[in-house]
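Please put together the full structure from these sequences, using the hints given.
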Amino acid sequence: DGGITQSPKYLFRKEGQNVTLSCEQNLNHDAMYWYRQDPGQGLRLIYYSQIVNDFQKGDIAEGYSVSREKKESFPLTVTSAQKNPTAFYLCASSITGTSGELFFGEGSRLTVL
Amino acid sequence: AQSVTQLDSQVPVFEEAPVELRCNYSSSVSVYLFWYVQYPNQGLQLLLKYLSGSTLVESINGFEAEFNKSQTSFHLRKPSVHISDTAEYFCAVRSSNQAGTALIFGKGTTLSVSS
Chain E
1 DGGITQSPKY LFRKEGQNVT LSCEQNLNHD AMYWYRQDPG QGLRLIYYSQ
51 IVNDFQKGDI AEGYSVSREK KESFPLTVTS AQKNPTAFYL CASSITGTSG
101 ELFFGEGSRL TVL
Chain A
1 AQSVTQLDSQ VPVFEEAPVE LRCNYSSSVS VYLFWYVQYP NQGLQLLLKY
51 LSGSTLVESI NGFEAEFNKS QTSFHLRKPS VHISDTAEYF CAVRSSNQAG
101 TALIFGKGTT LSVSS
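Those protein sequences? They're chains E and A, same order as listed.
Per the working numbering, residue 1 is the first one in the first sequence, and the count goes up by one each step.
Per the working numbering, residue 1 is the first one in the second sequence, and the count goes up by one each step.
No lab work stands behind these hints, which were simulated from the structure alone.
Note that CB positions come from ideal geometry on N, CA and C, so glycine has one too.
Treat the hints with care, as some may be off.
Quick list of the computed label-pair ranges, beta carbon to beta carbon [what the hints assert, rightly or not]:
| id | chain 1 | residue 1 | chain 2 | residue 2 | range |
| --- | --- | --- | --- | --- | --- |
| 1 | E | P8 | A | Q45 | 16 to 26 Å |
| 2 | A | E20 | E | Q17 | 40 to 50 Å |
| 3 | E | R13 | A | K69 | 41 to 51 Å |
| 4 | E | A61 | A | S59 | 29 to 39 Å |
| 5 | E | S22 | A | K69 | 18 to 28 Å |
| 6 | E | F12 | A | S28 | 15 to 25 Å |
The structure is reproduced here in structure tokens:
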């Protein structure tokens with residue numbers, strides 16, 4: 001089945017460690033996105049990419065990094081510079097040039113101890 | 001730039017009662033509007049969307065939303081809710097003439113349906 005796969009679903013890390021969240025899609029979508037979700041805050045955009053080897057910062061990019069070496073993959077690294085990394089992270093994709101409707105993965109919950 | 005305000009953070013209702021989840025947006029250009037639903041520890045699923053044409057849009061599970069340009073609103077309604085409708089609901093907006101930009105989301109409304 002076509003869709004977006006995020007892994008791992010749950011992740012625990014010690015403070016000061018970098019972590020990488022995986023996002024893979026087989027929908028043949030050009031655009032991919034990372035959002036962060038905190039209780040009562042809704043979804044806030046971290047990074048997005050409209051095409052391979054190109055990406056743009058969203059509203060809360062500080063402390064995060066991404067790469068887009070393949071159309072199918074858009075991994076997110078939460079670095080030690082991110083002051084409050086514990087959150088639910090959602091990856092999404094869309095077809096460029098259309099309504100922009102997003103298709104979401106199941107999310108990854110990161111807890112920093 | 002666009003923004004979205006969901007006017008209620010929590011809406012408790014009894015089963016079979018009607019419900020309205022309110023969403024207002026701000027934009028200087030024409031927009032696309034979306035409602036997404038999220039069940040606990042899951043991703044978001046599209047409930048319905050307004051792109052153009054009829055201002056009343058419907059979902060397959062009985063929800064409907066009406067685009068009101070003069071009020072800049074896109075409220076979500078259901079005439080009779082079920083326990084299974086308990087979830088968090090997000091309203092989102094995007095400019096219709098800026099291809100490739102991301103959706104802007106509201107902060108969400110938690111709908112709690114009890115018997």
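### Query
Taking the CB of R13 (chain E) and the CB of K69 (chain A), does the distance hold inside 41 to 51 Å?
holds, 46 Å
#### Entry: C-beta pair E20 (chain A), Q17 (chain E): status relative to the range 40 to 50 Å that was hinted
The hint (40 to 50 Å, Cβ to Cβ) holds, given that E20 (chain A) and Q17 (chain E) are roughly 45 Å apart.
### Query
Can the suggested window of 29 to 39 Å be confirmed for the beta-carbon pair A61 (chain E) and S59 (chain A)?
Taking Cβ atoms as reference, A61 (chain E) and S59 (chain A) lie about 33 Å apart, which means the hint holds.
### Query
Would you say the C-beta atoms of S22 (chain E) and K69 (chain A) sit inside 18 to 28 Å of each other?
violated, 41 Å
### Task
Given the hint of 16 to 26 Å, check if P8 (chain E) and Q45 (chain A) actually sit that far apart at their C-beta atoms.
holds, 21 Å
#### Entry: F12 (chain E) versus S28 (chain A) beta-carbon gap, inside 15 to 25 Å or not
Violated, since F12 (chain E) and S28 (chain A) (Cβ atoms, about 44 Å apart) do not stay within the stated range.
The structure shown violates the earlier hints numbered 5 and 6.
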